[in-house]
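So the chains spell out like this:
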Amino acid sequence: MIRKEEVLQDVVIKFAGDSGDGMQLTGTQFTNNTALLGADLSTFPDFPAEIRAPQGTLPGVSGFQLRFSSNSIHTPGDECDVLVAMNAAALKVNLGVLKKGGKVIINTDGFDSKNLRLANYAEGDNPLENGSLDSYDVIKMDVTKMTREALKEFTLGMKEKDRAKNMFVLGFLYFMYGRDMKNTEAFLTEKFGRKEDILASNLKALHAGYNYGDTTETFTTTYKVEKARIEAGSYRSIMGNQALAYGLIAASQKSGLPMFLGTYPITPASDILHELSRHKNFGVRTFQAEDEIAAISSAIGASYGGSLGVTTTSGPGMALKAEAMGLAVMLEIPLLIIDVQRGGPSTGLPTKTEQSDLLQAYYGRNGECPMPVLSASTPADCFEAVYEAVRISVQHMTPVIFLSDGYIANGAEPWKFPQSADLSPIHVKFKTDLGHGEEKFQPYLRDEKLVRPWAVPGTPGLEHRIGGIEKQNITGNVSYDPENHQLMVKIREEKINKIADHIPEQKLDSGEEKGKVLVLGWGSTYGAIKSAVNELQEDGLSVSHAHLRYLRPFPRNLGQILSQFETILVPELNNGQLIKILRDVYLVDAKSYNKIMGLPMTKTELVEEIRKYC
Amino acid sequence: MYRKGGVKITIVWTSARKFRIPEAHFLQNLPAFQYLCRQYFIMSDVIAAPLTAKDFATDQEVRWCPGCGDYSILAQVQKVMPTLGIPRENVVIISGIGCSSRFPYYMNTYGMHSIHGRATAIASGLKASRPELSVWIVTGDGDSLSIGGNHTIHLLRRNFDVNVLMFNNQIYGLTKGQYSPTSEENKVTKSTPMGSIDHPFNPLALAMGADASFVARTMDRDPKHLQAMLLRANQHKGASFLEIYQNCNIFNDGAFEIFTEKGSKPVETLFVENGKPLTFGAAGEKGLRLDGFTPKVVDLSEGFSTDDLWVHDETDIYKAQILTRIFDDPRSEGHLPRPFGVFYAKERACYEDMMAMQLEEAKSRKTADLDALLRGKEVWTIG
Ligand SMILES: Cc1ncc(C[n+]2csc(CCOP(=O)(O)OP(=O)(O)O)c2C)c(N)n1
Ligand code: SF4
Ligand SMILES: [Mg+2]
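Protein chains in written order, with the numbering used here: chain D, 1 to 614; chain H, 1 to 383.
If you're looking for bench data, these hints aren't it; they were derived computationally from the structure. Where a beta carbon is used, it is the ideal one built from N, C-alpha and C, also for glycine. Any given hint might turn out to be false.
Derived EDC-like pairs (lysine to aspartate or glutamate); straight-line CA-CA distance at most 20 Å [said to hold, decoys possible]:
1. D:K490 / D:E608
2. D:K103 / D:E79
3. D:K227 / H:E378
4. D:K140 / D:E160
5. D:K440 / H:D59
6. D:K254 / H:D371
7. D:K4 / D:D214
8. D:K280 / H:D59
9. D:K440 / H:D308
Chain D is nowhere near these chain H residues, computed Cβ spacing over 12 Å in every case [claimed, not checked]:
10. E61
11. S72
12. I93
13. I94
14. R118
15. R338
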């Protein structure tokens, strides 16, 4: 049979199935395989809050979107070229994002009357037969039947055999995209090494899927995406939470401060705990506390003792940590508070993304309680951004809030990983004895950055007491003096503001320094804004893009940048939070664009929005 | 002086004498010293003059109400501290919020006056990351059992090697007199004008329920006993929960009078000692014996001998639970005397040691190679 290979620039595949169908694993495997080919990539896992929502239903659909390209890309794509639908519900939920003319790979077994009913199709209505898929390229296969057939010699139960369905699909896609399957074979061997039956059946299903494509005459074309034209170097694929964990480990190594993580599990932050708890060989202590309050408190205790104290959480946990953050502000000790944001308020949308904790991070504490706030803009950026957050925290003796979100936490992209020798050192100095002419240790005597000394228990001669009660300037003794309180409030604020002198100036991500529209973003909207702005720039429009890592204090030149544009547009995945702060700080008449659907921003909607101001 | 460090050495008596550790104390605490040596103590090269109670006082004015029981506790802690052989810089006192929690300001050691209820959690992180420090938690009945109740039980079950001094005055002192989770039923306070309908905690039973490895009770008005209990708490390797009855003479004056005052103390209290029969009364004429699982008061002048009595065994978890359950309202008819002393003490593995061991094990299995970590297993090259 003659088979032709078609070279594509850019492909978006969405794997969709029931949450029990293993779509996340399938997607991740395909992603890793793609990464090794050197394509640029971006992923968007999208799963329900319930671990096993009722099988076959619309809320039970779990999706994994992967985009790969031989160009440099910044988002997982607004629409997909290929949709894998393991059942009727998966098709119904996702058909809207499939391009007209796109391919849809259907597991016909997922479209029996029961599945159709569960997916809320009317009695007698079947999307495979009613013409609704006419404008798509439909590939139907009975994955269940073929998997069972392939595994007929195994003594496994039917349920266990059916669990290998996703491997059949994965194998088929590997065929379609002309891949070798070594990485998945190695993965399966590591995962199921000791369960021989399961390992063999998964491998068998994987190969059966591949061979099905290979031997069936219907599939005459395979597809190929060339290596990406991106910066030269060595790459690996990385997810946001993983990059964040690595950034913390790197910062701990480079600062010489042993790391202590006090945390309480919460989606979508838990993976940071999982990752860090695997790296005890780096001296990382992970402590799963009884709640978020204990989590941050234990981290404060560790920081007080001279460790790099870290706590990780999401919105609801942030709310619980508020009082302890105030304590850390009063103590003026380093501490990292990492908030992987999700839809709120309350439990909100636990598995969906949002940027709605910015105001909480800025203001959500009692009293005048300033803290630096930083954010990450892409999965890989988590590494560098959190490394920088640690630097600020230990060098300025202050707790720092770091904002990530569910979209970057679970998303993956290629990462040109650094060499440890190239990471900038993080200098930390404990106070070890009384200085010349110093009679008594003054815990709140400050340097020119307004930073107080870090004297840890165990240091002879520097015994001192600190606490949450207002303290006298310099001595740190309890003080209720009105003048002193005002002074201390101002000093604490000034200390944070001064950090602006020790961070880089804001740069434009793209566009002219002066012009019609500046799109100013922060966090995970980076890729969508960048893509939209690039497209409009190619159309000759006067649009620039700046993306903030430092949210408090702002880079010292930000006001100057804002003053150069007729319109400042601030897209956010919230109801308008950064914009409130910008208006407050710079008195600018900025415009917002808000999306609060638990979904990431898309390029298409941004292009449309930005055009309104051009 | 001893400084913990990570190198195993044997501390011999001569060096103990050099560091002016009283012989009696040394002998009395021998097992503890040996234990600590086995763990990680090394001798410091600094040989300081012996410290005294004064060395542990600060220049801060003590601001409790005159007559408050907290003064006595502070005095006893300051007296005991220099005898422990712990360098001052290695002592850390962490407190929450409440009158009692002002304690760290008056101790010339490292200290943190933190937030309400969280001292236990803060201490957990400190001890986990700095096992060689001597960590003391000072907390009130509200601080440790209401707002911080959760952290208290988790600290105890994890068994960090710290000492919890729980000042129980059965009232919220700092907020001016509301009932607390240890206030008795029907108590009339500012927030319970018709009497409290809250059933109180039995703190020691709660501690036992949380699998505390050391559970003891003492009182502010018995300095000797208080000192002895502080010593025992410190000796114990593991979380020591020491409840200290403390009189708040402003908002709950006389709450423990019946146990502390000369006239009633002998018959209303029962001081337990390991290996000794449970006797009480002015001349030890009364005793407790176990009738099945039920403790009964017997009169030694009425045909019973000490051989018939319940002999205290600190390591017996079943009997310790019964002992903590002797918690009768002293106003009730036929009530049993209130026990004081070490109810239960049995060492088990401490969280921070196990954590350290896991770290060591992980390090021995795999070197900490940052470049290997960042690089990962699957790498590709462009260009
Ligand atoms: C979060 C918080 N809630 C409430 C308070 C007010 N508050 C301070 S101390 C206290 C009760 C203290 O009682 P206890 O722990 O028994 O200490 P005592 O003053 O009796 O020694 C309360 C309710 C506070 N400081 N912080
Ligand atoms: S209010 Fe009570 S507990 Fe507080 S200092 Fe005064 S007497 Fe002591
Ligand atoms: Mg109290």
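Mind listing which of the numbered hints don't hold for this structure, in increasing order? Hint check: 1, 4, 8, 9, 10, 12, 13, 14 fail, others pass.
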